[in-house]
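Turn these sequences into a full structure, and let the hints steer you where they fit.
Residue numbers (our numbering), protein chains in the order written: chain A, 68 to 437; chain B, 370 to 666; chain C, 298 to 589.
It should be emphasised that the hints constitute simulated quantities derived from the structure, not laboratory data.
Any given hint might turn out to be false.
Just the calculated beta-carbon pair ranges, DEER-fashion [what the hints assert, rightly or not]:
hint, chain 1, residue 1, chain 2, residue 2, range
1, A, T291, B, A564, 24 to 34 Å
2, A, P104, C, P478, 37 to 47 Å
3, A, F278, C, G575, 32 to 42 Å
4, C, T417, B, G569, 38 to 48 Å
5, B, L459, C, Y318, 50 to 60 Å
6, C, T369, B, S518, 55 to 65 Å
7, A, N131, C, R412, 31 to 41 Å
8, B, A564, C, G575, 30 to 40 Å
Using 20 Å as the maximum straight-line C-alpha spacing, the simulated EDC-like pairs for lysine to aspartate or glutamate come out as follows [stated by the list, open to error]:
hint, chain 1, residue 1, chain 2, residue 2
9, A, K197, C, E480
10, A, K141, C, E375
11, A, K423, A, D398
12, B, K380, A, E126
Small disclaimer: the values here were computed from a predicted structure and weren't measured.
We put the CB at the ideal spot given by N, CA and C, even for glycine.
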Amino acid sequence: MGFLDIRNVTKSYGQVEVLHRVDIAVEEGEFLVLVGPSGCGKSTLLNMIAGLEAITGGEIAIKNRVVNGVHPSKRNIAMVFQSYALYPNMTVGQNMTFGLEMHGVPKPERDKALASVAKLLQIDHLLDRKPGQLSGGQRQRVAMGRALVRNPDVFLFDEPLSNLDAKLRVDMRTEIKKLHHNLKTTIVYVTHDQIEAMTLSTRIAVMNKGFVQQLGTPKEIYDTPANVFVATFMGSPAMNIIPATVVMEGGQPHAAVTDAEGQVQHLRFSQPGLVAWAGKPILLGIRPEAITDPEGADRKSGNIVALKNRVTVTEPAGADTFVTMTLSGKDAIARMRADANVAAGQSFDFAVNMEKAVAFDPATEDRITA
Amino acid sequence: MAPTEADFRTKLQDWLPKLVLAPSFAVTLLFVYGFILFTVVLSFTGSKMLPKYDWVGFENYQKLFALPAWNTAIINIAIFATLYIVICTLIGLMLAIFLDQKIRGEGVLRPIYLYPMALSFIVTGTAWKWFLDPGIGLEKIMHLWGWESFSFTWIKDGEMALYTIVIAAVWQTSGFVMAMFLAGLRGIDNEILKAAQIDGASNWQLYRRIVIPLLRPAFLSAFVILSHLAIKSYDLVIALTGGGPGRATEMPATFMYSYTFTRNQMGIGASSAVIMLMTIAAIMVPYLYAELKEKKV
Amino acid sequence: MSAVTQDTAVSTGRATRAFLYLILILFALFYLLPLYVMGVNSLKPLPEITGGNMMALPSTWTLDPWRSAWSTAQIGVEPTGLKPYFLNSILMVVPAVAISTIVGALNGYVLTKWRFRYDTWVFGLMLFSCFIPFQIVLIPMAVVLGKLGLAGSVPGLILVHVVYGIGFTTLYFRNYYASFPTELIRAAQIDGAGFFRIFWRILLPVSGPIAVVSVIWQFTNIWNDFLFGVSFGGTSQPMTVALNNLVQSSTGVKEYNVHFAGAILAALPTLFVYIVAGRYFVRGLMAGSVKG
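In structure tokens:
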């Protein structure tokens with residue numbers, strides 16, 4: 068039993084099922100991020116937790132109380148919207164205490180709650196302004212303040228940072244993380260930005276086409292993605308997915324890939340269990356940072372494999388240089404130190420950290436667990 | 370479904386919106402669609418002064434189209450509507466294009482063009498009735514100003530009286546059409562105009578080839594609104610000519626009223642109203658359907 | 298209509314511009330002409346009209362035609378002037394405008410923020426009612442008003458104008474609320490506000506502009522209505538019907554100056570509204586044609 072239980076929840080519009088049997092138990096104090104491309108069902112799920120959309124099947128419980136059909140205001144939740152949804156005709160202070168007023172909290176208590184939250188968010192000097200007079204970042208704070216003042220069981224965030232410019236977004240991200248760290252609140256947070264998901268969450272639910280593709284900690288999601296979708300959605304640049312065949316060499320499974328010259332090269336797997344796939348085609352998944360120059364390779368890894376290949380393009384990006392090559396007919400990206408000595412058109416000795424490599428079944432696109 | 374805590378208030382909240390809308394919808398169903406049905410039924414009965422429910426089939430419609438007065442009304446509305454729509458559109462478009470040339474004093478001119486829309490057709494009719502009266506109005510003014518041979522007796526002339534209604538109606542609504550076109554013109558992306566000029570289009574070509582085609586939605590709206598106003602036109606005819614001289618300016622709207630309420634031929638009056646409704650519906654329904662469909666997400 | 302004057306890319310020569318101004322001013326004179334004729338001649342003694350030039354300014358200025366039109370002119374059979382009819386119109390317009398605007402606001406709120414299946418159809422049916430030729434409802438309305446005992450009374454006219462006005466008021470508020478962010482409604486729901494509280498506290502405070510549009514439109518339309526007034530007015534006829542009776546009366550001398558004064562009296566309220574709030578009037582007109 069979790070603090071917030073989503074049990075076999077489905078959502079249909081008429082005949083069309085848009086969300087299929089979602090089952091997540093959120094613990095108290097957890098920061099769960101729902102991430103996925105637009106139309107994956109993440110916002111629908113959040114709206115169902117909030118009570119803004121009806122639940123077609125299954126049930127949602129908060130603190131062991133089933134809330135299906137319960138009015139949003141009686142679920143003891145608070146929500147921060149993408150557009151902030153601040154009431155334009157009310158001052159910041161009125162905006163933040165409107166919910167308390169609706170719940171019949173007396174004025175002195177409202178003012179006390181307002182004062183403490185305003186101080187926490189450093190917006191005490193804005194309380195008499197109208198939302199129209201605030202900057203984007205300030206509105207964002209007010210929207211969070213409105214949620215905090217209610218002291219709810221669960222906080223719901225619907226893409227709260229997507230209307231901010233890039234710099235402010237990073238600042239506010241840190242701010243939200245700090246807030247969660249200090250207040251230990253339970254948060255469900257929807258975003259399409261995988262970096263937000265990685266940095267903020269204690270657990271991530273990656274969603275696509277109405278299914279939860281994988282539920283796990285950021286590290287689990289990143290290192291052992293459940294399938295090709297999760298592997299390519301999380302991480303930037305995306306994980307390289309290279310067609311390969313499993314071959315046996317010295318009793319160990321290797322991935323056989325073709326380089327730019329058409330030469331077959333063998334990369335030794337760290338998972339002996341792949342023996343079962345000997346002779347069969349797989350999809351080899353390698354993160355860009357697992358392909359480096361030999362000096363830049365992870366010293367702690369027990370399985371660095373050499374790969375000689377021609378460089379197609381180099382893209383210096385300040386701290387890193389991204390190097391593109393062709394592997395098994397596909398573009399593969401390597402992430403190098405900025406001072407790595409590579410040039411387009413030349414052959415280069417890459418070092419592949421095969422401890423970090425994963426293999427997918429080409430038929431189901433699921434990760435092969437071995 | 371598991372047992373839930375959905376309480377009475379929450380359920381009431383779900384129903385409230387529909388409850389609030391229901392009276393309006395019921396009133397519309399009854400007073401608009403119910404009444405339409407009622408009138409349609411009446412048009413198939415032999416009702417005279419009061420509604421009766423003896424079924425006479427299409428007799429009223431046959432009588433209606435045999436009546437010279439109705440045929441006059443049909444011909445008049447056809448002439449009136451055509452002239453009214455065409456002239457209003459031309460004047461409205463011209464004024465809008467002219468006003469769109471960074472005219473100084475646009476803020477003064479625009480309200481002057483538009484104010485007639487705020488007046489009652491009865492007021493408009495009164496003003497034009499006496500201004501066009503040969504005995505005291507325009508003709509006499511010209512004579513006093515020394516143009517002795519000037520003659521303008523349209524309003525007393527059975528052949529021409531209809532055109533005085535066109536004048537007054539155009540006076541009243543052409544400013545509104547101007548406003549519709551002006552809004553359309555202001556909505557056109559300026560960069561398109563600049564691109565056309567760089568392509569070497571003259572002002573004339575610019576308007577004929579680029580701007581006017583882009584105003585298509587405004588043309589459509591103007592047509593729909595004007596045709597609907599034309600068919601409904603009743604007040605203006607009553608105030609300006611009273612349908613005369615004789616029957617010369619009879620229109621379907623005046624015909625319906627006089628047959629129903631003064632000549633006690635309710636069945637025929639109802640059938641003429643049905644014909645009017647069908648004409649307007651043929652124009653409005655596709656228009657409204659398209660407008661609403663676009664909005665559906 | 299947008300008040301912003303946009304830069305048109307078109308450039309015009311001097312002669313062309315002179316021509317433009319000439320045409321524009323001539324049309325302005327055309328539109329002003331009837332107003333001038335009514336104004337000038339309502340301030341003249343009758344012989345100056347019948348014996349003189351309608352375009353000339355009065356040589357003897359007089360307010361008598363105005364007094365006569367207001368309080369003594371023969372309307373139908375009674376020499377009451379237009380005063381009682383003016384009051385009828387006021388008594389009819391104020392409640393009819395208020396009710397239809399409030400109902401329209403609630404309808405618009407439901408149709409945009411509490412959408413349900415087939416809501417577009419419901420709205421479509423209501424909208425079409427704005428455009429029917431009212432001849433189609435005259436006979437049944439007369440029957441129903443008679444049955445309700447409202448025939449020939451001000452309450453009867455109020456009912457008629459409310460019924461056939463809510464289509465337009467609903468249209469205005471619906472289009473206006475459609476652009477109001479739905480997330481705000483959701484936020485208020487989570488905050489615990491119910492249906493009416495959201496309307497009252499969140500939507501209504503920002504509805505000022507569209508309420509003005511709706512009020513002005515309804516006011517102008519109802520004040521200027523003639524067909525319903527003449528059909529169902531009975532002894533409580535509105536101003537437009539009285540004016541028509543005054544002008545069309547076939548007995549006695551035609552007092553043109555009184556007719557003009559009466560016409561201006563009938564036009565004054567709507568003209569006043571137009572001068573004070575023309576911008577909103579135009580917006581209402583446009584919303585009735587180019588919806589958006």
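- Message: Under the constraints set out in the numbered hints, which ones does this structure not fulfil?
- Response: 1, 2, 3, 5, 6, 10
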